Amino acid sequence: MATEEGRKAEPEVVFSVTEEEINRWMSRAFEMARDALDNGEVPVGCLMVHRDQVVGKGRNQVNETKNATRHAEMVALDQVLDWCYQKNLDMRSVCRQTVLYVTVEPCIMCAAALRLVNIPLVAYGCRNERFGGCGSVLDISTANLPNSGTAFRCVSGHRAQEAVEMLKTFYKQENPNAPKPKTRTD
Amino acid sequence: MEPQVKRLKGSDCGGSDSWVAEPVLSDEQSADVELVAVYAAPVLDRKQTSRLVRQLNAVFPLDGLQHLKRVRTARDQNSPHPLEVLLCRSGEAADAAELGSLLPSDGNSWEGLGRPFVVLVPARPPLTRPQYQQASSFWPTSFHEDKRVTEALRGALFSPQQRVAMTSFMVAAVTAARAAAQLGMEAVGAAVVDPETERVVAVGHDLRGEHPLLHAVMVCIDLVARSQGGGWYRNQNRYPACSFAPAGPQGGAEPYICTGYDLYVTREPCAMCAMALVHSRIGRVFYGTGSAHGALGSRMKIHVHKDLNHRFQVYSGVLRGECQALQGDA
Chain A
1 MATEEGRKAE PEVVFSVTEE EINRWMSRAF EMARDALDNG EVPVGCLMVH
51 RDQVVGKGRN QVNETKNATR HAEMVALDQV LDWCYQKNLD MRSVCRQTVL
101 YVTVEPCIMC AAALRLVNIP LVAYGCRNER FGGCGSVLDI STANLPNSGT
151 AFRCVSGHRA QEAVEMLKTF YKQENPNAPK PKTRTD
Chain B
1 MEPQVKRLKG SDCGGSDSWV AEPVLSDEQS ADVELVAVYA APVLDRKQTS
51 RLVRQLNAVF PLDGLQHLKR VRTARDQNSP HPLEVLLCRS GEAADAAELG
101 SLLPSDGNSW EGLGRPFVVL VPARPPLTRP QYQQASSFWP TSFHEDKRVT
151 EALRGALFSP QQRVAMTSFM VAAVTAARAA AQLGMEAVGA AVVDPETERV
201 VAVGHDLRGE HPLLHAVMVC IDLVARSQGG GWYRNQNRYP ACSFAPAGPQ
251 GGAEPYICTG YDLYVTREPC AMCAMALVHS RIGRVFYGTG SAHGALGSRM
301 KIHVHKDLNH RFQVYSGVLR GECQALQGDA
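Protein sequence lines, in the order shown, are assigned to chains A and B. Numbered according to our numbering, the first sequence terminates at residue 186, and the numbering increases by one at each position without gaps. Numbered according to our numbering, the second sequence terminates at residue 330, and the numbering increases by one at each position without gaps.
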């Protein structure tokens, strides 16, 4: 508890991103999302950018790994951790100065994860009406939660329509990994 | 020789009389009954009751209050008029409690009704038996009982045999938590079980020393993936208390993520882990002890969130003492 309070008292670095940065990094995030769609995964892609350098990138890998938590953000966070390990840097200090660019609003799980590692700013494309954790279903991003890392700010709407269209394309297809619905015999 | 009577008394289930698995219900299920004011009136002439009810149903269909019985027997046993009938919400008419101003006089005869009075009635259908009992004390209410919830609230949902098995699954989680504490990780452990076969699919513990997001639940979800030929992390290999049992060739359907599985975890999961369990389509969750930032009852109730497309049952308090002791060690 005491450390939590202490952390809040630190002067916060106010992060902001320019239109140019959003354009540049989001177009790469969209490439990742496209790659997910081509591989039968929910089309979400993301980039973790630290001081103008990509330190993690990811796209949804749920079907490939049979692990429903392998969202783009979780994949990218693993890469950030590896990057920090190789550079012998502290992950939290790196994350405090890292921006996430992601095509779709992070879900509740990912939003909670981003808080836990202290990511300060997220730029996303479209809202996530099914699972969104930055206001759409729950507001994990800014909620006052004990022992749950730090709140983060969102900048939303970049190429939102395109991100939605990709999701629609995916959900129109049948999920080949879902079990066939059982026909009731009783 | 063993004192047999004592044994029987003390060890009926799961090793102790105090075995608990409290259902973690939604706020709507746990709340006190909410009341709303309506007009009712005594039925002066009993023989007119069915006609009056028919007319009232046509004029005031009790929109949103269909769970209420239209007629009740008067509370006061000495009342000259033993029946009372619901008229309408008090908000729908002016405060005037004269029949003439409440009821339309277009051809209907309201003969047989007495002077209206305001009464508080349950605003919503009761969802649990305690709510039903509370609601019925205000006005007779119909109740579509969820037998599972009733049994769970009574503490009678699980048989002594099931309790023994469930205790052993939580013991596996506690053992894993102790291993985590030995390694300097957070003392949280978890086990995933197929309740159909009582097979332990995966056991894992906190690995936050490796990775800040490898909470025990996240570790277990990945171990389940590995049991199905998938998985992502390999760092669990270095930890003997983290294990999985490969899904054997079974006659039934292929396992699909955590569908139909139960999770036993020593401490209430956080928001990340709770939502990971939604994504993984877990069947039920049993946790030992609550957590201030817990998302399955304490701080949030992600398992019953209306906007999420998968919901699951949650029970708390299984081996609470042992699980609380783990937190004390930390």
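I should point out that these hints are in silico values taken from the structure, not numbers from a laboratory. It cannot be assumed that every hint is accurate.
Claimed, not checked - Here are the simulated DSBU-like pairs of lysine-lysine, each with C-alpha atoms no more than 30 Å apart in a straight line: (1) A/168 with B/301; (2) A/172 with B/69; (3) A/168 with B/47; (4) B/147 with B/47; (5) B/147 with B/69; (6) B/306 with B/69; (7) B/69 with B/47; (8) B/301 with B/147.
Note that this is a predicted model, so its numbers are computed, not measured.
Results for each hint:
For the hint pairing residue 168 of chain A with residue 301 of chain B, the CA-to-CA distance comes to about 29 Å; that is within 30 Å, so the pair holds. Annotation: proposed proximity of residue 172 of chain A to residue 69 of chain B is violated, straight-line Cα distance about 46 Å (limit 30 Å). For the proposed pair residue 168 of chain A and residue 47 of chain B, the alpha carbon gap of about 62 Å is over 30 Å, so the pair is violated. About 38 Å separates the Cα atoms of residue 147 of chain B and residue 47 of chain B, which puts this hinted pair outside 30 Å; it is violated.
For the hint linking residue 147 of chain B to residue 69 of chain B, the alpha-carbon distance of about 22 Å falls within 30 Å, and the restraint holds. Our distance criterion of 30 Å between C-alpha atoms is met by residue 306 of chain B and residue 69 of chain B, whose separation comes to about 28 Å. Proximity of residue 69 of chain B to residue 47 of chain B is assessed by CA-CA distance (about 18 Å); at most 30 Å being required, the pair is judged to hold. About 21 Å separates the Cα atoms of residue 301 of chain B and residue 147 of chain B, which keeps this hinted pair within 30 Å; it holds.
Hint compliance for this structure: hints 2, 3, 4 are not met, and every other hint is.
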